[in-house]
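Turn these sequences into a full structure, and let the hints guide you.
These protein sequence lines are chains Z and F, in that order. Each residue of the first sequence is one higher than the last, beginning at 1 in the working numbering. Each residue of the second sequence is one higher than the last, beginning at 1001 in the working numbering.
Treat the hints with caution; some may be incorrect.
Here are the simulated PhoX-like cross-link-like pairs (lysine-lysine), alpha carbons at most 20 angstroms apart as the crow flies [unchecked claim]:
hint : chain 1 : residue 1 : chain 2 : residue 2
1    : F       : K1398     : F       : K1386
2    : F       : K1141     : Z       : K141
3    : F       : K1064     : Z       : K64
4    : F       : K1064     : F       : K1167
It should be emphasised that the hints constitute simulated quantities derived from the structure, not laboratory data. In this text the structure is predicted, and so the values were computed from the model without any measurement.
Protein chains: 2
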Amino acid sequence: MEINPLRIKKLGIDTHQQPIVYIRSDCPLCRSEGFNALSRLRLTCENTSIIATLNVVSTDSILKVNQVGVSNIAAELLEVCNGDVVTLSHPKPLQSLGYLRSKIYGQRLNAQGMKSIVDDIAADRYADVQLAAFITACVDKGLDTEEVGLLTRAMTEVGERLSWEDKIIVDKHCVGGLPGNRTSPIIVAIVAACGLTMPKTSSRAITSPAGTADCMEVLAPVSLDLDQMKSVIEKEGACIVWGGSVNLSPADDALIRVERALDLDSEGQLVASVLSKKLAAGSSHVVIDIPVGPTAKVRDQDMADRLSAQLRDVGRSLGLQVDIVLSDGSQPVGYGIGPALEAEDVLAVLSNDSGAPLDLRMRALQLAGRLLETAGVCELGKGYAKAEAVLNTGLAYKKFIAICEAQGGFSLPPAAEYSHPVFAERDGLVTHIDNRILARLAKFAGAPAAKSAGIKILVHLGEKVEKETLLFTLYSESVGELNYALDYMRASEGAVVVGNERV
Amino acid sequence: MEINPLRIKKLGIDTHQQPIVYIRSDCPLCRSEGFNALSRLRLTCENTSIIATLNVVSTDSILKVNQVGVSNIAAELLEVCNGDVVTLSHPKPLQSLGYLRSKIYGQRLNAQGMKSIVDDIAADRYADVQLAAFITACVDKGLDTEEVGLLTRAMTEVGERLSWEDKIIVDKHCVGGLPGNRTSPIIVAIVAACGLTMPKTSSRAITSPAGTADCMEVLAPVSLDLDQMKSVIEKEGACIVWGGSVNLSPADDALIRVERALDLDSEGQLVASVLSKKLAAGSSHVVIDIPVGPTAKVRDQDMADRLSAQLRDVGRSLGLQVDIVLSDGSQPVGYGIGPALEAEDVLAVLSNDSGAPLDLRMRALQLAGRLLETAGVCELGKGYAKAEAVLNTGLAYKKFIAICEAQGGFSLPPAAEYSHPVFAERDGLVTHIDNRILARLAKFAGAPAAKSAGIKILVHLGEKVEKETLLFTLYSESVGELNYALDYMRASEGAVVVGNERV
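Structure below.
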């Protein structure tokens, strides 16, 4: 029996990173191979193969009988055009699923098991439900420190790795959870102005209204490939690019996508995610900022100590010097929450604007100072002053603009079309600011996908306000999103509480 | 600004139970509401609303700009036709996700938390990744006995519940893992012939080559709705139908689908799945068969004891008398593995065929006897003989055919088009039969989707064979599947081992 070859049809459907293949239920091959909906199957075009989840198509409205539909990511991974010949087959069962199963049942993973899982994740061979199971099984006590080390190493090895001529390569990371804490662009500018090499890759938001990459993107292109990133660093000594596009930790990208859908951000995954990217970027010295506060991601000293120890231990075991700074996580930093609003704060600090948020400035100087000390640019205890001098003289601003230009061109942050001011309903003191509610509000308003959406908060804890004082303003790019945020605000009291005394 | 109404287009895409909605990226509403790929959103048509996962469509090949595409399950839940007007909005955050999160972090769930999760699952409000996270978090020690009771109660309450005039309603369940152990149709026929009421609902395969519903379906229709099921029982006192179509445990159906994709089958979920359906069916007395063997689902006495205790305890707390029978799980039961091949064995036993598998007959008689004793039809110790008499006289066969006719008509099992015999390569004794490898072989050959696919195994443990003795035969409905099974067989030694002495 002669079977006509199956041909690709790109359906233009965005299924994120999970490749989906669409086949007619009456396609001869579907019959003869016994495929059915949600099967996993192998697609091969010339020399490229991928594993995709099958959706069976029961009518002829979107596919002809000899056509195989592919989602955007499937088409991209296969590097195919419409009409290309494709063959389908049953994939071999993934060896790593045995390891995944043992982890779900609470057993420890060895190096081989961890590597096997991470390799399959990085190659997009896991279905979303399998990623969700792995993430869930690794939450909390799911991974011990040694396993986190194995996960970190496996995630580092599976992606690209950079190497540099300098022996000292610095980097900085913040574990997040504190809205508006956008110190990275300022720190990069300061330490690069002092001659250090800092290949900064940043992530997009996981569960927050903006990641550094989201914020930086409103000021300059961040989706650089590895060669472009290298040339920026050769020219300016530093960069601030999106980690996802330089492929330093492809497994992490897949994990983060599902963590975001689950609204989970586990400790072990966090350590592995942070350190694997620093290692892959070729860093030798890293300062990690851990904001601690009742509504920050790290809520108390116990959790901060546990996380610090794990970051240091795992770093040491992999040859990376990790320096921890615990910072105040009781309230947002700066005024803006959301990509463009945070970018405005960054620019204000860098340009020594008189209205620049002082808290953001001081945090950036502290962390930059620590990096300058760690890297031996100045003596212990003199880093802050050195960083401040570089900022005050305008050298840091100049360096920042140069980096933006090297990345493709500097631009000013966009402004939002819609806004809604929220006023104090009484005289009193600001007794409580809830980071989580503010972050959710900013997200409901559209951040980070809508760049100019978010919140501008003008008051601080303990501040005296009068009735009708502006507490914060909501910004959005659409009426629907603004209303959604307002609905949420009405349903959840306590984003900013004005009372008689500080709680 | 006037916005044209959005209209439904059924795309005919089978995404199983996860509703997917497809929207053009340039659709005005998509812009104004800030939706992006993998958002969860609410679709409303007239008075019906569902929550679906969004796939953004970037070209105009499958949708016009004012069209909203829906997958099969989304169309079914919404009860829509092409062209119906649909409105889209952001869904309210699910309250139950807070409980899910606490379970993932190892906290106990209370009744309210469990009910909240199960209600959302039953209403198809969970994305597949959220189902996967819940299943993973509940594996092994993830649920204690009290939580399993809460889960069982919540799963019972969320679906339909049957009630009967008789006080004693019997039922039977096998926890599975033993290929070919298809006693249910035989037991139902025997106890119904003795005048007992047995509203048997069966499941389709989770990780095995056939469930009782898959097997029974080759003999009679099993996808009956609740009214049809009731009328069969009014007429014949018993039925053997697929539980999924009578909606006795809608949450279980969603969980089983993802458990299957993950190849997981956890203890707590198993207990809740089994007992919730018995409770919903209105049963008062249940006999549960637990096959124990090194390659069965329950591998040792410890696990059997733990599972028995949990089934009894949870049953008692919910007013259900649970009687456990531990049986030999060291080798397959009967000759057939796969829907049609197992159905042949069932018919052979019921019709007292001289070639009927004796092990299947004896197991069915033992369990039927236990039910007859438990229900007070005969004295303790006399159940087996009573069951045997009913089988021998042909009353059970007559009752079985009557039940099949009442369900829509009896038919004979289909035969497979392709087969491949496997012979002994030496003289010796059958020293090992691996249930897991045999089950996988049958699945790779196409079972249970391909009804006549599977394995017919003719030898038993300890049996003396000669070189070239037929050990088993592989059956399939397609060349592709047969080859896939053969590939797997070559790669994994030890489905049936012929050696010098029994291990």
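Hints, one by one, checked against the model:
A distance of roughly 16 angstroms separates the Cα atoms of F/K1398 and F/K1386; the hinted pair therefore holds under the 20 angstroms criterion. With a CA separation close to 13 angstroms, the supplied pair F/K1141 and Z/K141 stays within the 20 angstroms bound. Restraint check for F/K1064 and Z/K64: the C-alpha separation of about 19 angstroms stays at or below 20 angstroms, so the hint holds. For a cut-off of 20 angstroms, the pair hint linking F/K1064 to F/K1167 is broken: about 59 angstroms separates their Cα positions.
Hint check: a violation occurs at hint 4 only; the rest are consistent with the structure.
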